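Chains as they are written, first to last, in this note's numbering: chain A, 1 to 332; chain X, 1 to 375; chain Y, 1 to 525; chain S, 1 to 343.
These are computed hints drawn from the structure, not numbers from a lab.
Hints may be right or wrong, so weigh each one.
[Said to hold, decoys possible] Simulated pairs of lysine to aspartate or glutamate, EDC-like, Cα-Cα distance not exceeding 20 angstroms:
#, chain 1, residue 1, chain 2, residue 2
1, A, Lys-128, X, Glu-142
2, S, Lys-84, Y, Asp-361
3, A, Lys-244, X, Glu-142
4, A, Lys-124, A, Glu-95
5, Y, Lys-107, Y, Glu-136
6, S, Lys-84, Y, Glu-393
7, A, Lys-128, X, Glu-64
8, S, Lys-84, Y, Glu-136
9, A, Lys-124, X, Glu-142
Note that this is a predicted model, so its numbers are computed, not measured.
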Amino acid sequence: MGIYRYTIRRLLQAIPVMLGVITITFFLANAIPGDPVQILLGPSPSQSEIAAIRARYGLNQPLWQRYINYVLGVLQGDLGRSIFYGERVTAKIAERMGPTLLLMSSSYAFAILTAIPLGVISAKRRNKPTDHASRLVSLVGVSTPSFWIGLMFILVFSFHLQVLPSTNLVMPWANPTEIRSAATRLDVLVMSARHLVMPMVSLGTLQMAALTRIERSSMLEVLSEEYVQLARAYGVTESTILRKHAFRNAQLPIITILGLQLTSLIGGAVLIETVFQINGMGKLIVNSIFRQDYPLIMGTTIVFGVVFVVGVIVTDLSYAYIDPRVTYDEVD
Amino acid sequence: MTDPILEVRDLQTHFFTADGVVRAVDGVSFEVYEEEIVGIVGESGAGKSVAAASIMRLVEDPGEVVGGEVSFKGEPIVEFEETEAGTRRPTDAMLSNREMRERIRGREIAIIFQDPMESLNPVFTVGGQLREFIEINRDVGESEAREIAVEMLREVGIPEPRERLDDYPHQFSGGMRQRVLIAMALSCEPSLIIADEPTTALDVTVEGQILEQVADLQEKYGTSFIWVTHDLGVVAEICDRVNVMYLGQMAEQAAVDALFHDTRHPYTDALLDSLPRPDRTVEELRPIAGVMPEAINPPSGCRFHTRCPDAREVCRQVNPDARDVSESDERPHRAACLKHEDVFHEDYWSSPPIDNETDSGFAVGRTDAGGSGDE
Amino acid sequence: MVALGLAGCGGDGEDGGGDGEDGGQLTFAQAKSPIEFDPVVLNDVPSAEVAMLVFDPLYGYGEGTDLVPQIAAEMPEVERDAQRWVVPLDSDATFQNGDKVTAEDVKHSFVAPVEENTENAGEFNMIDEVTVVDEETVQFDLQFPFGAFEQYITWEIVPKSVRTDNITYGTETDEGNTIVEENDFAQNPVGAGPFQFVEFEEGNYVRLERWDDYWGDPMPTLQEIEFRPVEEPTTRVTTLQNGENDIVKTVPPDSYPTVENMDDAAIEEVSGVSYFYLAFNCNEGPTTDPEVREAVDYAFSMDNAVEQFVEPAGVRQYSPMPEVLVEDWEFPIEEWQSAHNERDVDQAKAILDDSDSVPDDWSPTIIVPPDDKREQIGVSVSNGLGEAGYEAEVQRFDWGPFLEKYVSGDPGEYNMFTLGWAGSPDPDTFMYFLFSHEQIEVTNGTFFRNEEMNDAITTARESNDMETRRQAYVDAVDIIMEEKPHIPSYNLKNSFGVSDRVSDFSAHPVDQFSIVSGYNNTSVQ
Amino acid sequence: MATTGSTSDEVLDTDEGVGEADSEIESRVGWRYTLGQVKGDPTALAGLVVICFMSGLAAFATLDAVVFDYLSEYAVFAQFGMRKYWIAETFWISPVKEPLGARRLLPPAPLDNAYGQGTWDHPLGTDDRGRDILVRLVYGSRIAISVGAIATVVGMVGGTVVGAVAGYYGGWVDDVLMRAVETLYAIPFFILVLSFIAVFGRNLAFVMVGVGIASIPTFSRLIRSEVVSVREEDYIEAAEAAGVRDRNIIARHVIPNSFAPVLVQGTLQIGTAILIVAGLSFLGFGVQPPTPSWGQMLSKSRGVMIENVWFSIWPGLCILVTVVAFNMFGDGLRDALDPRLKN
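Take the sequences, apply the hints, and build the full model.
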């Protein structure tokens with residue numbers, strides 16, 4: 001089966017999952033106590049005004065009717081209108097998507113780029129000091145609350161050393177003319193990198209540690225495989241073995257984990273966005289829960305669900321790309 | 001006869017585990033001459049594969065070659081010398097890892113592993129893997145390596161080899177993969193190929209075909225083989241000379257006919273008795289009593305005495321090395337058994353027999369092993 | 001006359017602030033992100049802080065709580081015993097789109113909150129009619145004589161045509177209010193203030209730049225202001241320390257020494273017109289009994305709590321009247337202060353144990369908003385009651401749920417709560433909203449009913465005679481101090497951590513801060 | 001089911017007996033072996049020691065904070081003066097109330113800061129209300145350990161049931177259940193728990209259940225794959241052939257035999273749950289004050305981080321050490337159960 005058909009099939013399979021996500025979030029969000037209209041209108045609204053607002057948000061209909069309308073709306077790409085902002089949910093999410101995706105992808109990049117060498121070195125020098133050190137780092141890494149790392153970073157690097165900014169993430173794609181003290185694209189990129197480094201490391205540490213552990217054990221397993229011995233027996237150098245013969249195989253478990261870890265990455269992003277005042281989806285959803293802005297709660301959760309499902313499909317596709325044994329029929 | 005191309009003397013390979021030192025190979029000597037197929041036979045755990053790996057210096061952590069000599073065409077692959085402190089250390093002359101990699105592995109000695117399913121890297125094409133090894137070991141360019149690969153695949157009986165180069169290992173059957181591995185070994189044009197149970201994982205018909213093919217190819221290319229197996233039937237089919245290993249040591253070494261027809265060691269006898277043969281019924285088959293003790297705690301004296309039907313008290317005390325027990329007109333025939341009293345000069349025949357037959361070999365083996373451990 | 005004089009100097013200011021002099025760019029860390037900039041609609045501090053620079057009010061404040069005409073040409077003419085207020089407008093006043101500020105715009109600014117029933121509607125429910133006398137004169141007719149009205153005409157003026165053109169109106173409700181469907185004006189405000197709106201990204205920044213054609217005086221020195229929300233107070237202090245922001249709002253009490261010890265920053269502060277308090281549920285439950293409220297006052301030490309958790313960011317306050325008002329109105333603060341009980345746990349325990357209203361296993365609920373200081377006050381009360389043998393639970397809620405709960409009157413939700421109120425420099429803005437019966441369930445969560453007190457508040461509200469009003473307020477506060485529906489707690493300072501790069505920035509008791517005014521003009525190096 | 005119940009139960013009796021004995025022997029042997037392995041693993045042992053220590057503290061805190069509180073309602077106990085935090089207040093210092101004239105934000109004993117010199121009365125310093133940090137850490141262990149453990153048990157039980165049923169029946173049951181689990185997985189767990197708390201309130205019980213539910217996918221996937229492989233083994237087929245009912249097969253044979261990896265995952269999951277709960281507390285969704293919890297202490301310390309960083313460091317370290325311990329023990333357990341993975 002071709003990659004396109006496979007992708008389409010996976011997307012089709014994702015439909016019931018997404019429907020489930022929509023259903024769960026719809027009923028959960030609607031079960032949140034408190035009347036959003038009350039919050040919207042403030043003290044002493046008139047009856048007719050309440051009625052008008054209810055009609056506007058479709059709250060005057062029975063729950064099942066609203067559910068059906070909502071699902072139909074989602075199918076047409078309409079996630080409703082935020083009660084707090086009065087804006088379309090899709091517009092609000094589009095506005096907040098950038099920082100979150102930037103944060104998540106840079107954290108993943110950080111995690112992968114540190115975990116792979118660390119895991120490989122660890123496996124190569126098994127039970128040597130380097131290995132012990134790397135294992136200690138990963139053990140502590142998976143056990144430290146990410147937000148605490150973030151707080152300590154701010155204290156040390158922003159307050160005491162004053163070398164890194166702690167808030168107001170600058171997007172690398174921001175227009176240089178709109179950014180204070182930035183003249184060129186390069187300035188913006190440098191600023192963005194300086195802003196990103198602390199949130200990225202705080203969020204990425206857990207992933208980095210988890211991946212290092214997997215990389216190490218996976219590498220150890222591959223290095224004891226017979227085909228690696230065979231390569232040695234044919235005079236292939238150790239570095240070539242690591243780089244070529246063992247490396248690719250050892251990445252297979254990593255790829256699977258990358259897809260599944262997305263959910264913990266998203267959870268971490270909620271905290272890290274709060275710590276570093278990053279104006280992304282994580283902060284949006286926490287605030288929406290506080291404000292009982294449930295169209296926004298639902299919309300954000302659904303979008304996160306899509307991010308996750310797409311992430312898993314992408315990892316499966318790359319799995320099939322790396323491992324020829326897996327055909328697109330078999331991946332599931 | 002000319003000089004042997006490979007000479008192994010008193011090779012010792014130990015594994016240093018948390019539970020103690022495992023003497024997987026404990027003083028093994030043998031040699032391989034040009035254009036011959038030498039068998040190494042033994043039960044699993046006898047140390048055959050470790051011995052084979054030791055020759056290539058491919059023993060993995062926590063294993064280590066700790067003593068003895070291996071020389072290949074006069075080059076010291078393994079060579080130790082005594083230090084003043086009484087410990088052993090590799091000599092300066094011993095080939096460095098780099099020399100091993102660049103001059104010996106693949107180029108001079110190639111290896112074929114037991115499991116064709118595990119020996120090929122699943123994420124690279126068969127052609128890619130072949131080509132890489134050919135390029136490394138024959139100093140040829142990419143396209144030439146490709147031609148050699150195609151030629152060699154055809155040689156080992158893979159149909160449409162050119163098309164199949166771009167296939168991945170999982171697209172080949174087990175037998176086909178083993179042929180690929182054989183092609184891989186041959187295509188590097190080594191002087192010696194170590195085949196570590198290459199046909200064990202295959203079914204009998206495929207095994208037969210491959211053995212035949214190997215025999216033909218061996219003749220054609222004049223390559224020497226070390227054929228590691230637990231199957232005396234295979235040995236009988238293709239080997240010129242045989243080494244029988246038991247618990248890290250050599251039990252008997254002889255030309256193949258002599259071994260089968262003029263067996264000089266009780267262990268070989270037992271092995272032969274356990275071999276199903278067309279001229280015997282199932283009832284006549286006699287499996288070897290008991291299991292092989294673990295190499296971490298070998299019995300004292302002759303290692304086989306716990307299971308040996310001919311064991312006597314002296315066998316508990318004296319561990320015989322393999323010595324030439326051949327008649328003067330014969331080719332060399334070595335055996336490590338004290339019953340050749342004329343060679344070993346121990347009072348075997350006057351020593352009281354140990355009764356291994358009545359009790360289960362397992363129980364006796366354990367008691368004796370325990371007893372000897374206390375001594 | 002003063003206003004005219006100022007307007008006359010406008011030309012000079014313009015020259016001074018022109019392209020020749022660059023007063024720099026200011027970054028200002030707010031405590032939260034603004035949401036919208038339509039003064040008719042907005043009802044949160046961060047939005048108001050930005051809007052006050054884009055819009056000029058009819059009257060502004062001087063350095064203290066004194067009123068200064070801004071778009072108005074002079075102080076209003078008060079007629080018919082303060083039931084009619086006539087305001088002449090400054091003929092120079094111009095909106096940023098070049099349109100003149102007219103009486104029609106002023107009228108719209110005052111009637112729109114009621115017509116659209118925005119959250120600010122309550123502020124103007126005393127207005128009977130706004131009349132456009134001529135293009136430069138507006139007349140307000142009130143439903144009753146209302147002396148405090150001058151505090152309400154500090155309202156910011158919006159350009160009617162621009163605003164209404166950018167709003168999509170929906171249906172009219174039964175009460176004659178109009179529902180607003182979309183309000184683009186709130187995202188693209190145009191006012192008559194010294195700064196022009198440039199760009200806004202919710203949660204990220206608001207950018208304003210100097211309006212070089214500002215009609216008023218003085219012309220700001222600052223070229224540009226960027227507001228950034230930094231919600232966490234410690235992080236705000238951090239951004240001051242590492243230079244990310246030039247000014248940070250609200251220095252938390254524990255960070256005072258930290259900011260004071262910074263080499264290149266200082267604290268700028270002024271007492272605010274605000275009042276923070278502990279209130280009781282007088283609707284239902286044991287706290288309806290004045291004795292129980294008395295006992296709670298005995299059970300803990302508000303002095304101690306304020307000293308530990310509020311100072312130096314605020315000061316102890318003994319009545320609902322903030323310091324400024326006590327001074328201006330010469331209220332008998334010593335007398336009120338003496339109504340406060342010193343901590344006496346035994347006394348509290350004795351009262352509570354003997355009281356018929358208090359069950360033996362009474363476990364009161366104290367709800368607090370998401371603010372550390374008010375939470376700490378709540379915990380102090382809880383600890384005090386615990387020592388008296390009654391385990392109280394402190395529940396911290398976010399603003400949404402909190403605002404919903406504290407006006408429910410349900411003792412299952414709360415027996416006590418801590419809250420604060422920021423008003424204008426007139427006692428009415430505190431007394432009416434916090435204690436009048438009319439505001440019960442709206443902004444008064446005590447449900448405390450006392451006709452005498454309510455009458456006094458109404459009398460004071462509907463009068464223009466200073467002495468009558470003062471006496472009425474004294475009477476009302478006396479009752480409050482006696483009956484204790486509230487235990488007054490503290491007055492918060494409007495405090496800012498200000499980098500040394502910034503000069504001539506000023507904290508303000510009512511407006512929070514002043515960037516540019518008759519007495520200051522902020523600039524950044 | 002009801003009508004055929006009696007007969008099949010009879011059939012079952014004999015079979016059950018056999019099956020039970022078998023699996024018990026098997027698991028007992030397995031346990032002894034596992035424990036033996038763990039004993040030889042210093043890291044796992046160290047983890048176990050820390051876990052036992054923290055659990056001991058938590059048990060003590062639960063006794064003092066919960067059991068005594070409950071008993072104090074009975075006159076029999078109340079007359080001894082038994083009450084909430086009795087032990088702490090009698091022998092040491094109250095974990096929830098600051099003493100009169102308490103000094104806030106003191107540093108650990110030998111140090112000093114803007115608030116004064118640390119004293120040995122408060123070896124780790126005092127918090128934002130002047131309460132002793134050490135005693136609050138001790139009592140905070142209760143929340144961390146109990147929430148971590150209970151949430152994990154909820155997830156484990158839920159996940160085991162779902163995974164076992166899906167794996168055993170296969171077919172459409174499997175499809176439906178696994179799709180449902182995937183759905184649960186597709187909603188980021190943090191958001192799931194947050195909404196769960198928003199719906200049901202900030203009760204600790206709901207936090208535990210919420211975190212538990214959020215971890216169901218992990219367990220159900222794990223046990224499903226185990227079940228699928230165990231199912232193929234002979235003794236299940238034998239039981240099936242003997243007419244043992246499905247649910248009994250699952251309960252008595254399949255689950256016990258698939259339990260090892262679930263236990264390993266469970267140990268690791270407790271650590272994860274502790275981290276999640278700390279994160280929730282940080283956002284303000286934890287236990288209500290004044291009940292001490294590590295996450296809440298961290299959250300409170302944020303406001304005075306610059307002035308007294310120790311208030312932030314201690315609870316952070318407690319979380320770190322506890323989670324490290326669970327990870328070390330979990331790793332050791334896994335190595336013991338699956339020596340192949342051992343390094």
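Comparing the hints with the structure gives:
no.	hint	in the structure
1	A/Lys-128 x X/Glu-142	38 angstroms, violated
2	S/Lys-84 x Y/Asp-361	14 angstroms, holds
3	A/Lys-244 x X/Glu-142	17 angstroms, holds
4	A/Lys-124 x A/Glu-95	45 angstroms, violated
5	Y/Lys-107 x Y/Glu-136	11 angstroms, holds
6	S/Lys-84 x Y/Glu-393	14 angstroms, holds
7	A/Lys-128 x X/Glu-64	17 angstroms, holds
8	S/Lys-84 x Y/Glu-136	71 angstroms, violated
9	A/Lys-124 x X/Glu-142	30 angstroms, violated
The structure fails to meet hints 1, 4, 8 and 9 from the earlier list, while all remaining hints are met.
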